[in-house]
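> Using the sequences provided together with the hints, build the complete structure.
There are 2 protein chains.
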Amino acid sequence: MKFSTKGTYGLRAVVELATRYGEGPVSLSAVATEQGISEAYLEQLMRSLKKAGIVRTARGKSGGYLLTREPVNISVLEVLRALEGSTDVVDCVGSGANICENACTCSARPLFLKLQSRINAVLEETTIGELTEDHIEQKKRIEHARLS
Amino acid sequence: MKFSTKGTYGLRAVVELATRYGEGPVSLSAVATEQGISEAYLEQLMRSLKKAGIVRTARGKSGGYLLTREPVNISVLEVLRALEGSTDVVDCVGSGANICENACTCSARPLFLKLQSRINAVLEETTIGELTEDHIEQKKRIEHARLS
DNA sequence: TTCAATCCCTACCGTTTCACTCGGCTTTAT
DNA sequence: ATAAAGCCGAGTGAAACGGTAGGGATTGAA
Chain A
364 MKFSTKGTYG
374 LRAVVELATR
384 YGEGPVSLSA
394 VATEQGISEA
404 YLEQLMRSLK
414 KAGIVRTARG
424 KSGGYLLTRE
434 PVNISVLEVL
444 RALEGSTDVV
454 DCVGSGANIC
464 ENACTCSARP
474 LFLKLQSRIN
484 AVLEETTIGE
494 LTEDHIEQKK
504 RIEHARLS
Chain B
364 MKFSTKGTYG
374 LRAVVELATR
384 YGEGPVSLSA
394 VATEQGISEA
404 YLEQLMRSLK
414 KAGIVRTARG
424 KSGGYLLTRE
434 PVNISVLEVL
444 RALEGSTDVV
454 DCVGSGANIC
464 ENACTCSARP
474 LFLKLQSRIN
484 AVLEETTIGE
494 LTEDHIEQKK
504 RIEHARLS
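Order-wise, the sequence lines are chains A and B. Mapping of the first sequence onto my numbering: position 39 corresponds to residue 402, and the numbering continues sequentially without gaps. Mapping of the second sequence onto my numbering: position 83 corresponds to residue 446, and the numbering continues sequentially without gaps.
Be careful, since some hints might not be right.
No copy labels: a pair is met if it fits in one copy or bridges any two.
[Stated by the list, open to error] Keeping only pairs whose Cα atoms sit at most 30 Å apart, straight-line, the calculated DSS-like set for lysine-lysine is:
1. K365 with K424
2. K502 with K365
3. K477 with K424
4. K477 with K502
Calculated directly from the structure, the hints in this document are not laboratory data.
Shown next, in the form of structure tokens:
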């Protein structure tokens with residue numbers, strides 16, 4: 364019941380791109396260095412994000428990655444799904460998905476359905492824009508505290 | 364971000380014990396057969412539940428497993444924790460746990476904190492007693508539909 | 001035109017977890 | 001005494017995790 368590092372790394376990378384939204388392509392090495400993530404590993408994650416239509420790329424020298432949309436129009440759910448494959452806590456709660464044959468007599472399923480809807484609510488309503496704003500605020504507070 | 368089968372199997376087993384609460388020990392084979400779970404595997408899960416103080420055992424012939432408390436006094440969170448080790452979505456949201464050194468600058472952490480509190484709320488407020496009642500109701504409805 | 005900085009892609013690899021299985025031991029009602 | 005139950009440690013094949021390595025294609029700038 365853990366998110367893998369893909370989710371965490373990927374979210375952080377997308378937020379990093381969001382802070383530089385509108386400033387042109389950001390190179391992989393820039394993101395990797397800033398976030399302390401292995402460059403080669405992050406590249407794989409970026410490919411998933413690209414396939415999912417969350418980022419696009421500029422190739423060649425001075426190329427890099429860009430968000431395809433404004434940060435407020437990207438939900439956390441979308442990003443996590445692109446990276447982790449699915450955010451379902453069990454297979455049998457997906458829409459129309461792999462419902463096991465005894466689903467209707469499974470005593471745990473009602474719980475999982477409720478839990479999943481709560482989780483999806485949080486992940487859908489939270490956007491990369493929010494995360495980014497909060498993060499910038501947080502950095503400002505730290506800087507302020509350091510100077511005083 | 365999936366629960367392993369330990370969680371699902373274990374919950375179902377505990378509900379099975381709950382439906383027979385007050386009727387004496389229930390053998391492993393009875394639970395395994397009823398729920399369609401491998402007996403040897405279920406035994407391991409039962410061991411975890413015992414260590415956590417959720418079930419107790421009667422040894423020897425006509426022995427078996429019993430809940431240590433009334434089903435309404437057992438939360439789903441407790442059961443899942445016993446089986447899965449932890450229900451935290453990332454390590455850095457635990458109380459006092461492994462907070463990574465850059466936690467205060469991690470742009471994803473606020474999201475995970477919020478998500479975790481929502482998850483814990485559901486898992487804490489839901490009891491084995493509720494699950495069991497719902498399950499019995501459900502079985503009745505199915506039986507009723509079959510007869511008509 | 002060449003060169004260096006980029007992204008693109010496939011393959012591999014050591015470790016851990018999952019979902020079991022196996023076999024032998026101890027306890028206890030009958 | 002015996003058979004039915006729980007107790008316990010070890011092993012196992014497959015998959016996922018968290019990377020690494022190395023080559024290729026594209027492009028801006030010298």
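> Can you name, in rising order, the numbers of the hints this structure does not satisfy?
Failing hints, ascending: 1 and 3.
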